[in-house]
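Chemist: Note that the protein sequences, when read in sequence, are chains P and D. Using our numbering, you'd call the opening residue of the first sequence number 1 and step up by one each time. Using our numbering, you'd call the opening residue of the second sequence number 1 and step up by one each time.
Heads up, a few of these hints could be off.
Unchecked claim - Stretches of chain D that chain P covers, calculated by requiring three or more beta carbons in the stretch to come under 8 Å of a beta carbon on chain P:
1. 37-51
2. 100-107
To be verified - Simulated restraints, written as ranges between beta carbons of each label pair:
3. K169(D) <-> A73(P): 33 to 41 Å
4. R190(D) <-> V290(P): 25 to 33 Å
5. E112(P) <-> S227(D): 15 to 23 Å
6. T261(P) <-> D126(D): 48 to 56 Å
7. N14(D) <-> F259(P): 32 to 40 Å
8. R85(D) <-> L264(P): 45 to 53 Å
9. D174(P) <-> D213(D): 45 to 53 Å
10. R85(D) <-> P265(P): 41 to 49 Å
11. P265(P) <-> D126(D): 41 to 49 Å
These are calculated hints, taken from the structure and not from any lab test. In this text, a Cβ means the ideal position worked out from N, Cα and C, and glycines have one as well.
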Amino acid sequence: MNGRTDVENYLVAMATFACLYALLALGLNLVWGLAGMINLGLVGFFAVGAYVSALATKRGGVPIALGIVAALAVAAVAGAVMALITARLRGDYLAIITLGFSEVVRLVASNEIWLTNGTDGISGIPGPWRGRVSPVAFNVIFLVLAALLVTVVLGVLERVRHSPYGRVLRAIRDDDQVAGVAGKHVLRFKVEAFALSAGVLGVAGALWGHYTSFIAPEVFVPLITIYVVLALTAGGTGNNWGAVLGAFLVVFFMEATRFATGWLPGLGPVQIAALRESLIGLSLLVILRVRPAGLLPERLPRVEPPPAGEAAR
Amino acid sequence: MPGSLEQIAQLAVNGLVAGTVLAVPAIGFTAIYAVLRFPNFSVASHATIGAFAGYVVNTAWHWPAWAAVAAAFVVAGAAGVVNDRLVLRPLRPAGALTTAIGAVALTIVLENVVRFVFGNDLRGYDLPIRRDWQWGPLRIGPQQVENLVIAVVAMLAVFVFLAFTRTGKAMRAVADDTTLASLKGIDAERVARLTNFGGMGLAGVGGMLLGLDTSIDPLTGFRVILSVFAAAVVRGAIAGLAGAGVPHGGRLRRHPARADAAPARPPR
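Isolated chain D, as found in the complex:
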């Protein structure tokens, strides 16, 4: 039936856009996991923070969507660094699981800070109304295309950063083996800070991109966190998308989350 074929094609297009957007916070989650070695559930609330930061500059100051995405990155990243320093870093010596529990508690707190300020209402970004583009039976919104482009640019930037810059290489070194990296004089502390900034920044971009498609509320981040984990765990797909861009990707592919994977000590 041509009708259902067209439907499948349309779903494939939508799925491609949604999946690419989802990969952005997933890379953030993965990067933090690789360097700090605990599942940082507060990616959820930082996605929400990014979405609301973008919302404020977009609706109050009338920044265009792409500039608001940049603001989402910076605000969520900065929040990530501060929250890690104040809340999660002191818990790290107690182990990955305690830190993970702390991250869930942190997410609850941050979500409610957003809720306290903005309330529970759904909010939409201030975007120009544009007609969908039509290719035969396929429809695609200009905003979807813009999101796709932003997501791809963000991932390319991550790839270039990790593959070609000195700091990026240092980050991969810490992700691979913290002890060895520190022997080579890499400041693990600084790498951890940078990873938090970048990782949570990407989470913020992801939250904003998801919100551009629909609307945002304090639970925006939490709602997608499962898909983010799934994307992060099924890393083959992301690794393929971002090339070698995902730090630590090779390592986890070799022994994915196995109990016998060497538990290296995360930087303090």
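Bound conformation, chain P alone:
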């Protein structure tokens, strides 16, 4: 293979991963940016989606599209249950419990060998048209599919954001007691937002499995949560476009550090990996400090005030 196609394949693969991260960041933005509930265990929902779709398509023999729908459904149910369990807890406890959830998912995936094949993971997960077209064509097809999905999810979430529904979510984020006093069923909104968000995360997980054809518990480490939180924070919490932009920036940044650290002399592979991971953490800290609103800060949709007469009625 000549150098140019290598570079092209690499760029296609990175763009695909950026799309998957964009889905994750969009999912997080719905629950954290819009509804104000933190989810530090998003990698858990990601893993649930990946395992459901992988098992359904590989063991159950269902079509990939159906596997992805199943991933969405199961992850959404898991999200709804999580939201119900934590409904009465304060935000900081939600952070602890969601972080715990992702670790539980990882432990279950490691130990329920009959179902998940344990730490060996599941390999040979089918991908759309994999094997029937050349690997290069498969990568391009997958990128197109992933980009389409990002567009659809972005469109739906933008609709949600501009709708009265999104306005209620923002009201709950800013003060759920006031929203409750205004007659909104806060718990229902919270559960729905968490479920929908978890569903999006699950879809991203399913795509991940079908793309890489291999999943194992060690794929779903808390570092992925940090990548996604970084992407959303950098892009702009509360802004769907920011989530997508942030995801692409994070993937670009991760790859840039791969090349930058590769040139450093006298470092072993473990040291380089450690350096890259700490750069990710460090950049999140820097962004939280200097630009907490992100590159594309949230802009609230304009709401025309009702005419004076109507307000008085």
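Given chain P's structure and the hints, the job is docking chain D onto it.
Modeler: Just chain D now, kept in the frame of chain P:
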């Protein structure tokens, strides 16, 4: 069946030791939570830092285990104060959740600093080889007993500090009501620093004690963080163990983490 009964007894002994050891970082986490009012996930990396600090003085300078534990406390505590001042304190005005996210990022950074220096290999402490003690069917290692004793001593020290010293009382006052405490002239800043030193120091001791039982690597702290949270949330158990030692314990027992618990302002 006597066999399984003996097994249960053995598991109970092991569980008692493990649980007591786990209570040490849990108290650290709780103390920081009570005073600064955010879940400081970087307890994980400070446990790792403590474990490695103890490892260095134990293997390079041949300090005995108990002295290495003291070193773990001091190094992890000092790291906790510095990291809080440089990294987490500036984030605190942005809210508990932003600070919590920052703490996760901090943990990733610190873990990787340890990994950069020491690598991923499992490391064991340099301990004398001793035969397990045997009571009938029960076996217990001398190191387990030593860990138990160290953990209990650490908790007693925390209890005495909080219950009887002026600074300890000031800490409890800040945990109860920051505004009221500052009205009485308590320097919340100083209390926050002390809490960080003590809390992260205890996390370091916990990391080292866990490592004494098995081995350590950069993920030592992160692996137990869930159990630490669980222990900290199910505070009845710890509060019972440490007496009134846990600051803020009563308050959280009254309304455990409820959304309507008054969100008091943490010290800057």
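Chemist: Does each hint hold? Answer for all of them.
Modeler: Consistency of the hints with the structure:
1. 37-51: holds (count 4)
2. 100-107: Since 7 is at least three, the answer is holds.
3. K169(D) <-> A73(P): 33 to 41 Å: violated (54 Å)
4. R190(D) <-> V290(P): 25 to 33 Å: With a Cβ separation near 28 Å, R190(D) and V290(P) satisfy 25 to 33 Å, so the hint holds.
5. E112(P) <-> S227(D): 15 to 23 Å: holds (20 Å)
6. T261(P) <-> D126(D): 48 to 56 Å: About 33 Å separates the Cβ atoms of T261(P) and D126(D), which means 48 to 56 Å is violated.
7. N14(D) <-> F259(P): 32 to 40 Å: Since the Cβ atoms of N14(D) and F259(P) sit about 48 Å apart, the hinted range of 32 to 40 Å is violated.
8. R85(D) <-> L264(P): 45 to 53 Å: violated (29 Å)
9. D174(P) <-> D213(D): 45 to 53 Å: With Cβ atoms ~47 Å apart, the hint holds.
10. R85(D) <-> P265(P): 41 to 49 Å: violated (34 Å)
11. P265(P) <-> D126(D): 41 to 49 Å: Between P265(P) and D126(D), where Cβ atoms are some 33 Å apart, the hint is violated.
Taken one by one, the earlier hints fail for this structure at numbers 3, 6, 7, 8, 10, 11, listed in ascending order.
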